[in-house]
Structures are given as C-alpha cells and as structure tokens.
Amino acid sequence: MWVMVLGDLVIFGGYFIVFMIYRSMNPTAFLAAQQHLNITIGVVNTVILLTSSWFVAQAVLCVRGGDPDRAVRLLWGGAASGVAFMVLKCYEWYREIIAGQTNSDMFYSFYYVITGVHLVHLLIGLIVLGVLVRELRTPGRGRVWMIESGATYWHMVDLLWVIIFALLYVMR
Amino acid sequence: MTNERTITWTWLALVAITLGSWWLAPAHSRGVASASIAVTCVVLGLAAIKARLIIRNFMEVRSAPGWLKLATDAWLGVLLASVLVIYLI
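As they're listed, the protein sequences go chains L and Z.
Residue numbers for the first sequence follow my numbering, so the first one is 3 and each next one is one higher.
Residue numbers for the second sequence follow my numbering, so the first one is -4 and each next one is one higher.
No lab work stands behind these hints: they were computed from the structure.
Each residue gets a CB set at the ideal place from its N, CA and C atoms; glycine is no exception.
It cannot be assumed that every hint is accurate.
[Unchecked claim] Partner residues are not named here, just some residues of chain L that face chain Z (Cβ under 10 Å, in silico):
# : residue
1 : Val12
2 : Gly15
3 : Ile19
4 : Leu33
5 : Thr42
6 : Gln60
7 : Asn105
8 : Tyr114
9 : Tyr171
With the rest of the complex left out, here is chain Z (with noise of 0.2 Å):
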C-alpha cells in the first residue's frame, strides 16, 4: 500500500526531473538548435523514470500482481527502446 510520504517524495521527484528538463529543450537554446544524441539518451532517460514512478507509486502496480507489473514495463521498456532504436538508425 502506498502512504502519503511516498506520494509527496514521488510528486516532488517528478517535478524536479520537469524542471531540470528545462535547460535540455531545443527550445531553450538560443540559435538554431543542434541535435543531440546524449541530450536525447538523457531525456528518454528521465522520460523512463519519470513514467516508471507514475505506475509504480501513483498508480499503485508497486503492490499490483506479477502480470501487471510485467506488462506495464514492457509496455514503458518496449516503446522506449523502439523509439531510441529508430532515433538512432
């Protein structure tokens, strides 16, 4: 089960990872931005905590059964990988 601690440091985690994302976005850069691919291993990165904290803590699959936990991350590691995948070729 999860408690209200865990909500708040989990609500304040996901925040900090949207905030730091900030200064990563092509949007911030002054001039034409330039791709990257560290910045984008990086975001994809966050992106994969990120979810991972939503399903594990808010939406509970922390306690859930076996399968739900198994097909939510391969569910968030498939289409994570596949979008690297096609990022990079």
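Okay, chain L solo, but in the shape it has when bound (with noise of 0.2 Å):
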C-alpha cells in the first residue's frame, strides 16, 4: 500500500507544482479568483476529512485491541464522513457553476480539476472502507495488516486535501 501511496503523493506533488507555476504567471487573477470560494465551506469540510481519519485510526486501533464490532461502527463513522464530504462539495460546485466561476478561468480549471481528482481518491477510499468492513464482518477473517492498509489510503485522502485547502483556499 505505502507503494501506492508514495507513488500518488508525486503524482499529486506535479500537480501541485503545474499549479503553483501557472499562479505565479499571473497572482494577480488567481487571488481574485480564490476570493469568489467560499471559505466557510472548505473550513467545514478540511474539518469533516479530519474527523473521518479520526475515526478509522480508532477503527485500527479497536481491531488491534480485539474488538472488530466497534471497529465496524468506527468505520462507519468515517464512510458516513466522508460521503458528508462528498455532498458538501458538490454543493460547493454548484454554488461556484451557478456564480458563473467555470472552467474559462484558469484558478478554476485548476480548482475543478484537482478537487474532481481528489474526489474520485475519496470515492476509491469509500470502496476500501466496505472492503475492511466486509473482512471484519467475515468469521476467522479480520487480518489487521489489511485494516492498517486501508487505513493509510483513506489518510493519504486526508493528508492531499490539507495541502489543496492550503494552496487553493488560504495561500495569498
């Protein structure tokens, strides 16, 4: 898994450099641009991403301590999270289409397609939640190394969205 991991982290890193050298082209209309997002909404759901890892590095912690039944209920926590995610982030798209901020504008070809990318990331790390739902909830399996691999991918998900918050929301 850290394989995978290490190997989408660069490939996020590239597009987190393409990014930076189009900002630097022109800062000016970037920051105008970042302006028109609604921070409130990305505070909300960089808070919703955190609350999720927080629930399944418990999930790993209770299938180490023996107890896959709350382990289940914790993951469910985390799937529940990130479809909240999800929802709270095509609203956000909507909201932006709606206000006329479409691809035309370079930020937001950049915005739509590193969000859309994370979000697909999100979705690959719900299937995985299921998966270690399912391996727990099969008699005489539960094998820990493979909730502890599922655990980092659903993380790396966490762990890309905070640098994005950053360079998108916050950076002026």
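Taking the hints as your guide, dock the two standalone chains into a single complex.
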C-alpha cells in the first residue's frame, strides 16, 4: 500500500507544482478568483475529513485491541463523514458554477480538476472502507495488516486535502 | 504504536489549525484581497505541521521503518519548498 501511496503523493505533488507555476504567471488573477471561493465551506469540509480520519484511526486501534464490532461502527462513522464531504463538495461546485466560476477561468480549471481528482480518490477510499467492513464481518478474517493498509489509503486522501486546502483556499 | 489519546490530540490540533486558517484566507477579507508573503509563509508552515501530524500520527509513520520516515519527510519538504520558491520568484 505504501508504494501506491507514495506514487500517488508524487503525482499530486506534480499537480501542485504545475498549479504554482501557472499561479506565478498571473498571481493577481488567481488571487481575485480565489476570493470567490467560500472559505466557510472549505473549513467545514476540512474538519469533516479530519474527523473521518479520527474514526478510521480509532478503528485500527480497536482491531488491534480485539474489538472488531466497535471497529466496524467506527469505519461506518468514517464513511459517513466521507459521504458528507462529497455532498458538501458537490454543493460547493454547484454554487461556483451557478455564480459563473467555470473552467474558462485558469484558477477555476485547476480548482475543478484538482478537487475532482481528489474526490475520485475519496470515492475509491469509500470502497476501501467497505472492503474493510466486509473483512471484519467475515468470520475467521479481520487481518490487521489489511485494516492498517486501508486506513493508510484513507489518511492519504486527508493528507492531500490539507495541502489542496492551503494552496487553493488560503494562500495569498 | 499509536494510542487513542495521541489520535484525539492530533485531531484536535488539526481542527484548531484549520479553524485558525479561516481568518487568513483571501475569501475572508473585505474588498480586494492583497497578496501577502507573510500570510503565505504562515499558511505553508501550518500546512507542513498538519501534513506531518497526519503522516506521523494517523498514518503511523512515527513507528515505521527509517526509509518511510525519510521518504515522507522528503516528499513534504521538497513539495512545500518548491511551492514557496515558485511563489517568491
């Protein structure tokens, strides 16, 4: 799992560098476009995703401690937070598109692509969490390494979002 | 090995930093937001702290082999240093 995670981190690193190069070509336009983002939605969504990571990290401890039932409940909590993030992200896109912030603007074309690719990773993460729940519910299974690997992937989604939040929403 | 307390204080620290970022964002300023090297440096510094907390405490790299600690630190360091250099030039 770590080989895949490190590979993904490098690919996203590439996106971030390309974004910064384009930003440095026209910082005033990028900053003006950034101002149209709803920072409250961005902050709430970040807290939701951090909370999902809290659930998943606790689930790993429960599996190690021999309490798979609680781990399953915690994984459901993590997945529910992930779904909440997706719903809020879709609402945010809807708001921006209605307000006329589309791909025709360079900042927003980066915004939609980067947040979109991130959302695909989150969707894969939700499938991974489903696989973990199935693993824990299957009698005789519940392999700890598998739960740890799935959790690492989920935290990567959180890690990438923290960088995206800083670069797209907060920096000036 | 990570314990419940570590996970919870990590989460609290991450949430506190995120809420603090709310005031720094350009969308928060009235009128036209102005570029600020100081704000950007603080934002990148806070992102580095958040990312490292997630890597070390949530992803449990704190108790991982040395090569993984080095690889994740190198990724974060090279990425944020490159972002800052591109921003400044």
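We went through each hint and held it up to the structure:
A distance limit of 10 Å between C-beta atoms decides the matter here; for valine 12 of chain L the minimum to chain Z is near 7 Å, and the interface restraint holds. The closest approach between the C-beta of glycine 15 of chain L and any C-beta of chain Z is roughly 5 Å, which is under the 10 Å cut-off, so the hint is satisfied. Annotation: isoleucine 19 of chain L was flagged as interfacial toward chain Z, and the flag holds, the nearest CB pair being 6 Å apart, inside 10 Å. Against a cut-off of 10 Å between C-beta atoms, the interface hint on leucine 33 of chain L holds, since the closest Cβ of chain Z lies about 6 Å away.
Annotation: interface hint on threonine 42 of chain L holds; nearest CB of chain Z at approximately 7 Å, less than 10 Å. Checking glutamine 60 of chain L against chain Z: minimum C-beta separation of about 6 Å stays under 10 Å; hint holds. With 10 Å as the threshold, the beta carbon of asparagine 105 of chain L stays out of range of chain Z, its nearest partner Cβ sitting at about 20 Å, so the hint is violated. Taken as an interface hint, tyrosine 114 of chain L does not check out: its beta carbon lies about 17 Å from the nearest beta carbon of chain Z, beyond 10 Å.
For tyrosine 171 of chain L, the interface hint holds, since its Cβ comes within 10 Å of a Cβ in chain Z; the closest pair sits about 6 Å apart.
Going down the numbered hints, you'll see the structure goes against 7, 8, while the others check out.
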